[in-house]
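Residue strings, one per chain:
2 protein chains.
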Amino acid sequence: MVHGRVSRLSVHDVRFPTSLGGHGSDAMHTDPDYSAAYVVLETDAEDGLKGYGITFTLGRGTEVVVCAVNALAPHVLNKDLGDIVGDFRGFYRQLTSDGQLRWIFYRLQTTGEELNLQIGPEKGVVHLATAAVLNAVWDLWAKQEGKPLWKLLVDMDPRTLVSCIDFRYITDVLTEEEACEILRQSQVGKKEREEQMLAHGYPAYTTSCAWLGYPDATLKQLCSEALKDGWTRFKVKVGADLQDDIRRCRLVRNMIGPEKTLMMDANQRWDVPEAVEWMTKLAEFKPLWIEEPTSPDDILGHAAISKALAPLGIGVATGEQCHNRVIFKQLLQAKALKFLQIDSCRLGSVNENLSVLLMAKKFEIPVCPHAGGVGLCELVQHLIIFDFISVSASLQDRMCEYVDHLHEHFKYPVLIREAAYLPPKDAGYSTEMKEDSVKRHRYPDGEVWKKLLSAQGN
Amino acid sequence: MVHGRVSRLSVHDVRFPTSLGGHGSDAMHTDPDYSAAYVVLETDAEDGLKGYGITFTLGRGTEVVVCAVNALAPHVLNKDLGDIVGDFRGFYRQLTSDGQLRWIFYRLQTTGEELNLQIGPEKGVVHLATAAVLNAVWDLWAKQEGKPLWKLLVDMDPRTLVSCIDFRYITDVLTEEEACEILRQSQVGKKEREEQMLAHGYPAYTTSCAWLGYPDATLKQLCSEALKDGWTRFKVKVGADLQDDIRRCRLVRNMIGPEKTLMMDANQRWDVPEAVEWMTKLAEFKPLWIEEPTSPDDILGHAAISKALAPLGIGVATGEQCHNRVIFKQLLQAKALKFLQIDSCRLGSVNENLSVLLMAKKFEIPVCPHAGGVGLCELVQHLIIFDFISVSASLQDRMCEYVDHLHEHFKYPVLIREAAYLPPKDAGYSTEMKEDSVKRHRYPDGEVWKKLLSAQGN
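Which chain is which? The protein sequence lines are X and D, in order.
According to my numbering, the residues represented by the first sequence are -16 to 441, in order.
According to my numbering, the residues represented by the second sequence are -16 to 441, in order.
The reader is advised that the hints may include incorrect statements.
Said to hold, decoys possible - Residues from chain X that keep clear of chain D, each with C-beta distances beyond 12 Å, as calculated: (1) S(-7); (2) V23; (3) L60; (4) D140; (5) K243; (6) P256; (7) A258; (8) A266; (9) K269; (10) I282; (11) R308; (12) K312; (13) P396.
As the list claims (entries may be wrong) - Covered stretches of chain X, as calculated for chain D (at least 3 residues, CB under 8 Å): (14) 50 to 57; (15) 421 to 434.
Bear in mind the hints are in silico, worked out from the structure with no lab data behind them.
Where a beta carbon is used, it is the ideal one built from N, C-alpha and C, also for glycine.
From just these sequences and the hints, can you work out the full model?
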């Protein structure tokens, strides 16, 4: 049973100098340093267990998220962990509704003014900070239960699971009762699905082959290597130059053959009309989906693109940048996407992701998580494995993104076998980084950065 | 002509201890300290003029916005002001697309990973910081031109005006050419409308009468005072308790009579079905609009509420929390609102507000700005006066919110006469605060806070 009072919350600005690969970014983007705001929760419990939480950032800006985590800290410190997870919905609401951080409903008798203000809420920096803090709480909870997070969720009774979800603003499509009913119905065959996961893992796809601006030779080499490694699903980046896209998509499609799956990702490059026009010209290469064709805020835009591309057999995929459940609710209502891509660090941790998984199930839209960056693979594998065992009960049109990057800094790195995520066996949320990695990469005082900054004469 | 190189950007955490009114906030909200991240831009020009920009916050959290402003500073420092406003669209895009702060489109040859990450973008803390910085740029530009901001905009030729707007993600509803055409068509009668504004001002409504939880006596007293002062439009806060709302709305409607305008504001209290049900019961009091019935992110939710309430003659008003032009675009596309409420500090300054004013004109939706807080009245009056003279050319169903609060801290406070905003005559954006107010209220080292914090034994 969970226990202990939160005695300490520390947050670290951890940055990996990935921008020093020497390979410049393109004209519209500068070099990123893959980074994380890394939260450590300690309690006064004798077990000495700690909870680790991250949210993913890109160098500059991490300090802003760290600043937001510190602003949220008072909500967590000295709280009893049992009280937190015992009323997890209430605690989530408290974090996301921080009076001063989020919004106010207040009377100044002096002026009679009542005010509603948000620096979030449930979006941007404050929501990323919320994710980091709550990811640490979930990691600690799972560790105290001695289970990997996916198993903690799988073993949880439906009523307890939904008690972690804030249904505010989504009851018009999903009520608590409906959520419970979905979970109850999925009890059938759970055991078999868990065994299936343990035996074969969750299908993954690779995003490491066909990057914009790769020379064709590199592209060919990476493709054939990936094919050798058993990958059957490939994502190609598009959107910079149409002729270049056509050449590269043809090359990849020829390499992988007509049977394997090809996906395309535009990273929000287009306006709505441009997206339709562009993808119409790439349709001949039979992409399963076009990912992020336009602004992540543009629900109706995604719906228009979906409608226009459906006759061509191309689905729209989006979600990695969608900032909360209200956006996902609308994407589903508007039939704006055919593949839903959750992100473990952008939504409000497991709590908000649960509500999105359940809404996706209700609308029968497959969830294909976003991963990569720092730790996103480690975290999101838990969510999608739980989704299969306890919610979707299907692998149809489903797969989880995989990028082979920075796993060496994690204490419990992902395990990929035959293009599939093998379920983590260690207790927790796989969020814990190696102490030495954190120490060396802390910005700006970690050894790695001290060297770099002094070299730069800073 | 604008000139000078930005030699210094300083940002201050300015907080007014409004939470010490001794009047508690309600159960779901804590006490706010009306605050601002206050930006000061200096150049190397001999005129010695400074640009002042603010974004509105509520105490805790201001330091997060300050942190974000500092992260944006490198984009502004040492830039030539002429270059900034000469390619204002490009500069806006640069700020909102900061490689590391906003999103990345980057190749790591080591892994081939390409990454797209946002801690904003164009939303939350980072966008508030963008507003503060750009508000300062506009203030400085207007000061150098020796005009109040509204006049600078009114006198600007259409082509230059639209060159300040980033049309990215809105070209499916408004292109640069359409925007120019709207502005050209509104040239007719401009001079007369400017004279009309100078003579009579822009109509305002008061949000200072009917607050949740006011005793009926207070409510009556404030109403009759407002009536005496010539106010004809009144907003009532609703959403906490239906019976209480019914009693208070009846009281106010009886006081102001059937002819005057009554509006209601729920401050996001409801889910969609609840909003429709609740407002149906308040319809008898003939509200012109229901403001913020649900989540500001819920475009389709607002559309559903609009559709359900239209037969009752109640329009939906929203916008003060809408985080960028893409949300406004969709609210207009979805017929989700009947009154559009811009905010001078939530959108990306004048630049983004211009695009929203033009979209509203195209959809023939009246703009009724949100104001209050710290400086919001001072800023937004410029935008709405420009809107009347150069864009909407109409006062039909239009009015600007007014709250009588904290104006004494501003060097150029709003001037209200007969329930109307009189156009500012001083050069600039009315963003400049009194030096002494800033000094005394700087957090935590200002005199006011030193006293308070030591009193609290901190």
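Earlier hints that do not hold, by number: 6, 7, 10, 11, 12 and 15
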